[in-house]
Amino acid sequence: MSGFSRIAAALVASVLLSAYLLLFLRAESTYTVALLLACGVAVALALRAKPLAPLARAAGSSRALPPFGLLGVVALALLLRDDAFSLFLVARVLVIALACLGLHLQFGSAGVVNFAGAAFFGIGGYTAAVLGRGGAIPGALVLLAGGVAAAVIGSVLILPVLRTRGHYAALVTVAFGILFRTFLEVNDTLGGPQGLKLAGLEIFGLRLGDDLALGPLEGSFLVKYVLAAVVLLALGFALVLRIERSFVGLALDAVRLDETAAAAFGLDVARWKILAFTVGNFLTGLAGALSAYLVGFIAPNNFTFSESLIFVSIILLGGIGNAAGVPLAAAIVLLLPEKLQLLQEYRYLLYALLVMAVLLFRPGGLLPRRLRRWEAGGAA
Amino acid sequence: MGLLAQYVINGAMLGMMYALVAVGFSLFFGVLDVIQFAHGDVLMVGAFAGLAAHALLAHLGVTSPALLLLGVLAAAALSMAILGALIARAVVLPLKSVPPINVLLMTLMLGTALREAIRLFYPGGSQPQRFPSLLPGTATAVGALTLRLDNAILFATGALLIVGTHLFITGTRLGLAIRAVAQDEETARCMGIDFTKVVLATFALGSALAAVAGVMNGLYYNEVGFGMGLLLGVIGFSAAVVGGLGNLYGAILGGFLFAALQTIGAAALPFASAYKDVFAFGVVIVLMAFRPTGLIGEKASERV
Amino acid sequence: MHRRCSAAAASAAAATAAVLAFVSPAAVAKDTVKIAFVGPLTGGNSAIGLGGRNSADLAVRLRNADPKSKYQFELVALDDECKPDAGVQVATKAAADKSIVAGVTHYCSVVAMATVDTYHRFGLPTVVWGAVLPDITYAHDYREIHRVNGTMINQNETAAKFMAAQGYKTWSIIHDTTDYGKGHDKYFTQSITPLGGKIAGDFGVTADQQDFNAELTQIKGQHPQVIYFGGLTPLAVRIRAQMEKLGINAQLQGTSGMLSEDFIKGAGPELAEGVLAFREGAPVEKLPGGKFFMEKYAAQNYPNPPEAYGPFAFVAATLLMDTIEKVGPDRRKIIGELAKVKDRDSITGPITFDSHGQNTVAAITKYVVQDGKWVVWEDSEYASGKRKLKGK
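Protein chains in written order, with our numbering: chain A, 6 to 385; chain B, 217 to 520; chain C, 208 to 599.
Same shape as in the complex, but just chain A:
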């Protein structure tokens, strides 16, 4: 498939996905939603059939898919600029997708399992709450500080995680997650169980709390949050894809697939694991900071073990190893129960069953990774 047709396929895929998302968000009745879902599943199955499969694969693996996809979301946000609730949902999906992107780097690339995703998300949020007070520090710096704080605190866990394998490492992150939440709740210095309120976010002079007034376009303030989330997610994708496609990514793959062999080949296993873990936590913390501003409030009971499990479900569903699958999975996990209200009560049960089904029958996830290919002048 030539490069050009791959880009074209990615463009078509983005447009279709954005249109579908628009219809989905606007759907009111359960009947419409069910109809849309049925169509979606039918299309997904049709894409696996012979004539369309190569096109779908090309679109799914094209480098142009993430940027086109994000542009599609921007267009969507501008179209929906008066629908506050839909914008809120879109913003949340993007923010959670960014957080899971960090986890994806840790797990899908380096094989380091992190069951404390919600805790790092929370660290970013609390940093934003504490530093953002008084408006002395510029908003962009506060967001970055959220990421840095998560990365720094995460480094405390590095020693235990490095020295352990597989399940032992998992235990360490589980213990940390529980510890984090309990500590915050019991302790009053960071607001205790009542949490903290966040001041408004102002990035480069643009106040995100004010309604949108962009020339002839007027809309809800949430459009700005969606745009901010798109920018951050774009940066996150750029970082992750760059890493994956570089020699760093190659090293991470080697470490994940077989640590002993990688060590035998002279790769410094510890160094690459630390890198993946730290950068991953940075992304999750960054997402947490923006999310805290979006919600306007932060409290410890938002960052429990169940939330970490949801993050893990998202990366499992999205395809371990395919970064583009993460936003798709995040959208499914967050939007579906919202639209199918009947499902609300049963959603944890459904997530669990869905992930189990994926693990049993399609362990690669919805958009599985392709094996790394090296061709002359070519895309991996």
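Hints listed in this document are in silico derivations from the structure and should not be mistaken for laboratory results.
Idealized CB from N, CA, C, for every residue including glycine.
One or more of the hints may lead you astray.
[Stated by the list, open to error] Pairs of lysine-lysine, DSS-like flavour, derived with a Cα cap of 25 Å:
| # | chain 1 | residue 1 | chain 2 | residue 2 |
| --- | --- | --- | --- | --- |
| 1 | C | 580 | C | 593 |
| 2 | C | 405 | C | 393 |
| 3 | C | 237 | C | 277 |
| 4 | C | 503 | C | 275 |
| 5 | C | 599 | C | 452 |
| 6 | C | 593 | C | 376 |
| 7 | C | 580 | A | 344 |
| 8 | A | 344 | C | 305 |
| 9 | A | 202 | C | 393 |
[What the hints assert, rightly or not] Partial selection, computed: residues in chain A whose CB lies under 10 Å from chain B:
| # | residue |
| --- | --- |
| 10 | 120 |
| 11 | 136 |
| 12 | 355 |
Chain A is already provided as a structure; the job is to place chains B and C on it using the hints.
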């Protein structure tokens, strides 16, 4: 003095509960190299099965506490043995050849599914349920200490179960087969051991153990709730890991150690006893940094 | 030709007019007005959330069954899961939806705090039915936010005065580490200390804690007369049971969080006997409106009881519907009208909103468990002296 003794007794009871869960984890890991993260939730389902059995028996007119207790235990153990075998067959065995992390995730999700199923479908499941007191409640006060007969019975039962499991594993043919598979699956198969049967038996045994632990938990606290398995599972897992996965003695040691940490944390930090979990888990993390394979660690070597 | 056409047309028109005149009065339907209900319908507090939702639903049903009502009301129930992000999400949903004109909101104080800005931004008038943190109405000047239940300050002041009058001097406090428990701990300590009460120990426990032996063993060594518990029913049940097992003979005093049937069911009637608890509002069971509420609630066969704050949800919904009937389904007019609420009658007593929209509740009711039921203190045999409280 009396207070200190009371603390020791509290810690011991707690430790016994945790040890029972940890032994299950070690058993599964030893045989199949899998972490059955749904173990805590199987415990919970077992407790609820016992509760349902009690309701049924009471409805049928049985009043003798001894009979009710027997019925509850039998129902819980049997139903969970079947559930454990089902889990092994449907979920664990098919995933034998994939990276172990997938199995961990699978069982984690299974645990969530079990928890939600009870919360949604058991009548009144979202609220904690009263568990009947079927043990004699006589208590004697010795100074500031209160000695209770039911606690003593529970402790003794727990100890008997652990000893019984150990004897089973070391003394019977099936136990021998389990140990053989744990050591080297391929050779065991070559020796004619039915691998599938051994796995199913191990899971059945471990789950039955969890069910009894669940009933004991219910008797001790007079209460069961759909969420009781999650924290117990995490603590049991931590205890097993800290003690050394795959090692029965390690599991027991880990269980009592964790209980001791929690009790010390609660007692030593008087106005901040809520920090006891923070303290206990913090110590676990530190221990993992220095003894990554646990206190009575397995000497593992890998063929590359 | 023309005449026949026009005759035909005229008769057709007449017939149509006749038919329409006959049909139209019955065909005029009442406009549907939507009000939102927000509370924790899943998670640890779901019992209270569902009780609140059922109570609000009852209010709406009763109103719709009333032929004199001007509108057909529809309750939109939303789940805030007791978490700020979910709470802000559903608050945005309700507030941004123009067809929803008012809201009966929140039991969890954390969520109520988080959503205040959202309601203000979109101008949705809300009446809080269960969150007790004072800041929810007092930390800002938003005219949209009101509350019908009291804050925990009143509750604890009355409790302190009562217990001191009973002659108690020493307490050990157990409270959960949520804002509910911590708030109660703070305000009770503040109220009892000037009255001569001594706090021998203060223990924070997590909201899902199972084992209290460590804390209770320490408390045993402190020999308090009363154990004060700030938290919800599940923990209260465990604490009472474990107190018994350790042989602690103190009096147990609780808050509205444990004032539920489930406490008596969970601890068992013998252990629950003599336990004290307090709640804002006049005793629902004794007021005529209250009895009416209990009867109608039972008649609907809801799977969950109304719990301690159900009556407040009922009151909030009724208040909003009354206001809508008076000024129409217009958010601004509703806000203006709610500001004028003074001495409005309700099943929990008269409601008066102060300048911050807070109901200045005068009455706090004291309850004690007697023979497996929560009984108003003044009616109990403890008050008359026939039975004695513990710990003295």
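Right, here's what the structure says about each hint:
Taken as a hint, the residue 580 of chain C and residue 593 of chain C pair is honoured in the structure, with Cα atoms around 17 Å apart against an allowance of 25 Å. For the suggested pair residue 405 of chain C and residue 393 of chain C, the alpha carbons sit about 14 Å apart, so the restraint of at most 25 Å is met. Distance restraint check for residue 237 of chain C and residue 277 of chain C: the Cα-Cα separation of roughly 7 Å lies within the 25 Å cut-off, and the hinted pair is therefore satisfied. The straight-line distance between the Cα atoms of residue 503 of chain C and residue 275 of chain C is roughly 19 Å, inside the 25 Å bound, and the hint therefore holds.
Taking the CA atoms of residue 599 of chain C and residue 452 of chain C, the gap is about 20 Å. The hint holds against a cut of 25 Å. Pair hint residue 593 of chain C plus residue 376 of chain C holds up; C-alpha atoms about 22 Å apart against a cutoff of 25 Å. A threshold of 25 Å between alpha carbons decides the hint, and for residue 580 of chain C with residue 344 of chain A the separation of about 43 Å lies outside it, so the pair is violated. Note on residue 344 of chain A and residue 305 of chain C: the hinted pairing holds, with a Cα-Cα distance of about 18 Å set against a maximum of 25 Å.
About 21 Å separates the Cα atoms of residue 202 of chain A and residue 393 of chain C, which keeps this hinted pair within 25 Å; it holds. At about 8 Å, the closest approach between the beta carbon of residue 120 of chain A and any beta carbon in chain B falls short of 10 Å, and the interface hint on this residue holds. The beta carbon of residue 136 of chain A comes no nearer than 24 Å to any beta carbon in chain B, farther than 10 Å, and the hint placing it at the interface is violated. Interface restraint check: residue 355 of chain A against chain B, minimum CB-CB distance 9 Å, threshold 10 Å, status holds.
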